[in-house]
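> Sequence lines, in order, name chains P and C. If you count by the numbering used here, then the first sequence holds residues 13 to 393, one letter each, in order. If you count by the numbering used here, then the second sequence holds residues 142 to 229, one letter each, in order.
None of these hints come from the bench; they were simulated from the model.
Listing some non-contacts, in silico: residues in chain P with all C-beta distances to chain C over 12 Å:
no., residue
1, 18
2, 24
3, 25
4, 41
5, 59
6, 190
7, 204
8, 236
9, 257
10, 305
11, 317
12, 372
Listed below are the simulated SDA-like cross-link pairs for lysine to any residue, each with C-alpha atoms no more than 25 Å apart in a straight line:
no., chain 1, residue 1, chain 2, residue 2
13, C, 212, P, 359
14, C, 212, P, 353
15, P, 216, C, 229
Predicted model, so just to flag it, every value in this text is computed and none were measured. The C-beta atom is built at its ideal place from N, Cα and C for all residues, glycine as well.
The lines below spell out each chain.
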Amino acid sequence: MPSVAFWRPRLRGARFDGGEIPLQVLPDLAALREMVIDVAKWRYLQDNPERQRAPRGFADKIDLNLAGIDSGSAEPVINMTTTEPALPGIGLPYQKFLSLARDDIAALIAAESENGSAPIAEHLPNKFLAYFNRIGRSLRDDESMEFPMSNGSPPAKLTKETRQRLLQRSNIVEFTEEVTLRGTVPEADQMRMSFELQQVHGGKVAGPMPEQHRDTIISAFDGYKDNARILVHGIGRYDRQNRLYGLESVEQVTLLDPLDVPARLDEFRAMQDGWLDGAGLAPSHSGLDWLAAGFQRHFPDNLPLPHLYPTPEGGIEAEWSLGAHSVIFEFHLDTHEGDWLRFAKEDDDDEDSQTLNLDDANDWQWFAGEIRRLSGAESPE
Amino acid sequence: MSVYDGDQITAAAAWRHYINDPAKPAPSGVLAITQEECRRQDLPVRPDPDTFPAHVLIDFREFGTNRTKRKSERLRDAAVNRGWQFQP
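Please put together the full structure from these sequences, using the hints given.
Structure, rendered in structure tokens:
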């Protein structure tokens, strides 16, 4: 099939640094293809005002394919292909309209990214903004998709924020977003294959119960009175006020350890200042986010988890009972420091303490190493 | 450390009194320690009826941070070994 090079959007962010693209990003590219073809049809009709509809089979004759990934960078190579023979000197059928569509989409993203208030109608009818419900949905906070501009301008940059603004300007009433939720399962309906998740911090959301995850969800339902919790990764439904009100799909479900750190930290989000006879400070949400991320990144899975408690100063104290030793580690959420204290339970003179800088991965490594040594856990390969 | 005097109030009543304050996180239940356990940790215990009649304070002020943490843990372990006095 004849094909020509069409587009090379670039994915930026920690996940893409190795030049690989996670499969979960592919639906975004599939949605991009749909948008390009839809906008190309619109462009065709703009160019041919006497026509009411795009030619029959417009979308069948031409397509966009992922030809590969540029080695060394996370750039999907998108080619335009056709089932029709290419005419010498003319190119592929409808190539002009797909190219215009590509440029329109890039210009729209660039305008929103740079200006934030440019009228959408300058670039595209408002109805096309609905495609951003899927394009960019997999982007995380530190990530972006960059779309080359045919006029030589810097690439148009789509981030989570840009996408949100485009969606707010659209007419859609419901947005979707990748979500990771933790909670208990107070209700499950095995006839309707649905369940409700009571978030550790937040309200209840309902979602489908896929067959492959039924056992795990029902296990959490059975353990509800013992506070059994699950981690759910899927696509969440949000209203225009950005409130989560349901799950569109459930992709991963995992039964959580009773001491799961992010779930326990979520419990503290409801705390208010004055919680300790008027004197306690509530831990900040940004501090809890930092600590949850730090634990996920630096604390190996095979080490025992601590019991966590809030401190009156707004910090978090982690406690381990490790055989003959106790470890108490106080996380200062404002300074990102941690106070380590290890002592022998039966020997008042056997203790060591120090302050660690938890913005330094080496200090996390030391801390994890001590927990491993005291617990007798094996080092990972 | 702020505690309730078990001679003046039951564990269930102490729990109800505590949860009246919406700023406090919901406790899982009520544990108990004895004056003897405090004495073994060299921790003075004194009534504080000005706050409310059954209020008692265990005074850690004489000790530094690390000693306070040790003593707290020993009191906690004694309470846990004794078991819940009340759970909702």
